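**Q** Now for the letters of each chain:
2 protein chains.
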Amino acid sequence: MVSRQNGGGRKGTKMTIRIGIMGYGNLGRGVECAIKQAPDMELAAVFTRRNPEDVHILTETAKVYRADEVERFSPITGAAPEDAIDVLIICGGSATDLPEQTPKYASLFNVVDSFDTHARIPEHYAHVDAASKGASTTATISAGWDPGMFSVTRLYSEAILPVGAAYTFWGKGVSQGHSDAVRRIDGVLDARQYTIPVEAALEAVRSGSEPELSTREKHTREVFVVAEEGADKERITEEIVTMKNYFDEYDTTVHFISAEEMARDHSGIPHGGFVIRSGRTGWDEEDTNIIEYKLTLDSNPEFTSSVLLAVARATWKMAQNGMYGAKTMFDIPPAFLSPRSGEDLRKSML
Amino acid sequence: MVSRQNGGGRKGTKMTIRIGIMGYGNLGRGVECAIKQAPDMELAAVFTRRNPEDVHILTETAKVYRADEVERFSPITGAAPEDAIDVLIICGGSATDLPEQTPKYASLFNVVDSFDTHARIPEHYAHVDAASKGASTTATISAGWDPGMFSVTRLYSEAILPVGAAYTFWGKGVSQGHSDAVRRIDGVLDARQYTIPVEAALEAVRSGSEPELSTREKHTREVFVVAEEGADKERITEEIVTMKNYFDEYDTTVHFISAEEMARDHSGIPHGGFVIRSGRTGWDEEDTNIIEYKLTLDSNPEFTSSVLLAVARATWKMAQNGMYGAKTMFDIPPAFLSPRSGEDLRKSML
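If you read the protein sequences in the order shown, they are chains A and B. With the numbering used here, the residue at position 111 of the first sequence is 97, and numbering never jumps. With the numbering used here, the residue at position 121 of the second sequence is 107, and numbering never jumps.
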């Protein structure tokens, strides 16, 4: 890959890393917002499968292109340094977009994605690794908060406290997948599902007792539904709480509300959660130590995007250091995520 | 430096990383306990400035040597691979031991220390860097929890949420330095000082309001004192609460207790604390996101030692990868801290 000491762009008078965004939904827009806060990065272009004229971005200095125009921004296929995209952040979905897009674009760019289908990560990693090694690019997959910062926290915590137990709780937050599943029920106009960690389970974990917790004991689910006029609310409730894989293993509460209440009280996309590890130390494992990492997010997609952008910076640095191939946040030295120098970090943050 | 694919030792039938411990106080003993839990490391030897015959370690398979015997375990000065120490963990104090020891031993071994005088880190780093680069060793300084995991959390959090504010709180926990300062007061037989975060300050920070907090608003101090019979308790209390640099900027509570109560209720060395960052996202910074990292430790030295041992593993891997010179936890890819393979980590933890 064409290597440059710094990115090709300029922000004020400084050299900057030029970021491309593939896909402009909640995540793509979040990346755009995060770039506004970064001193060392600039938005080069946004790519969409929609008609570019219908996509209105917030950044005045950047343009929207058709997804199939992205190749001419690749430093590998000969884009001029001032046009080239240093890192392409792929903001598609994990079900069908990313398995196809990430290997494809990793052969043209350094890339970052947020692939979050945990069970399929090894397979995705292998495909992306082959493509990126072939092109001498760096491709960081599964960045975000889970997978992402939660994974990193699980790793640090287990490496430090190998004898113990780890727990991940999600929420309180909106699950898009569960909300969509409820919306598909006959008679439902709109729905919002919140995943809520059970306080008693959190307390048991924090006590260091290393409890065995069932799915039902860890989380409850709360659903807000706008039903069609005259719809059978009992039948809808029954369909929700018994829905296989989504609700049947949880205690679920269903509330019927008006469209106005939905718009007023449930328009945000908050989320968060906890990673807690309790581990025993001492010759006879007599001491208990608890590590707890907690996220409380007003905006799930914006926080995820903010992680993606920091990871894009690290991906660029890994590429500059010849660290090609597929990577995850496990492979990133934390210093690479920051715009600060190593000297500055040691002085101000260590 | 002599490079080997794996450490020279054996634990069961596996090749292991051979660890040396320099200094056998609370920290050295904690490292020894942590090695017992590590599948891939073994204790090679303990070094002490005391008479080795007076130092009784817990590990039956290792021996205690005089500190000045350490050189013959150096792979650089020609120790046989089965005798060589792969990583020497230096468990001395930051005031006088580590500034001298870490550069000295970094010219003979891969080393890890827990240097925690924040203001002098740049200077210490420079000395260690020169020594380790000259010998092609890897030397990780300032490992532990603060500096250490708290620093890493501050870095990740700022890199992800650059617009916001970060706060570190310590406690509830025992401060050895403050306890020692009280013990030097005339009429004091024994003392234990606890640093306690102020709950209202924690709540203000968690709200995302980015409060400005004075020293007094963040922590209180609580002191337990065993006084000599007939000592003037009012004078002792006055000397404590007005002590410059230690107590004068804090609200301090002093309790007089018996020697029996001290032994019964205050023999542990618990500690912990919080790193909290609140950061704003969105085009107009309209959303607030809170990252909170919390440690609750039964044993401060054992937890620190557990970090040191994970960092020793990473230091060994960095050395195997030719990453010589001074390092901090900012430079360590998280995967290097774990005994698991990258494939295993991606499958089980991402």
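Where hints are given, some of them may not hold.
Stated by the list, open to error - Examples of chain B residues lying across from chain A (beta carbon under 10 Å, computed): (1) V41; (2) G258; (3) N275; (4) S292; (5) F322.
As the list claims (entries may be wrong) - Chain B is faced by these chain A residues, among others (derived, beta-carbon under 10 Å): (6) A152; (7) R192; (8) P256.
Since the hints were derived computationally from the structure, they do not count as laboratory data. Remember, it's a predicted structure, so these values are computed and weren't measured experimentally. Don't be surprised by glycine CBs; every beta carbon is placed ideally from N, CA and C.
**Q** Checking hints one by one. Is P256 (chain A) an interface residue toward chain B, by the C-beta closer than 10 Å rule?
**A** holds (9 Å)
**Q** Against chain A, is V41 (chain B) within 10 Å by beta-carbon distance?
**A** violated (15 Å)
**Q** Tell me if the interface restraint on A152 (chain A) is satisfied: Cβ within less than 10 Å of some Cβ in chain B.
**A** Check passed: Cβ of A152 (chain A) comes within 9 Å of chain B, closer than 10 Å.
**Q** Was the hint right that G258 (chain B) lines chain A, CB cutoff 10 Å?
**A** Holds. Min distance 8 Å.
**Q** Can the hint on N275 (chain B) be confirmed by a CB-to-CB distance to chain A that is less than 10 Å?
**A** holds (5 Å)
**Q** Would the hint on S292 (chain B) be counted as holding, given a Cβ-Cβ threshold of 10 Å to chain A?
**A** Holds: closest Cβ of chain A sits about 5 Å from S292 (chain B), inside 10 Å.
**Q** Against chain A, with CB atoms and a cut of 10 Å, does the hint on F322 (chain B) hold up?
**A** holds (9 Å)
**Q** Is the hint on R192 (chain A) kept, meaning its closest Cβ partner in chain B is under 10 Å away?
**A** Interface hint status for R192 (chain A): holds (8 Å vs cutoff 10 Å).
Hint 1 from the list above is the single one not met by this structure.
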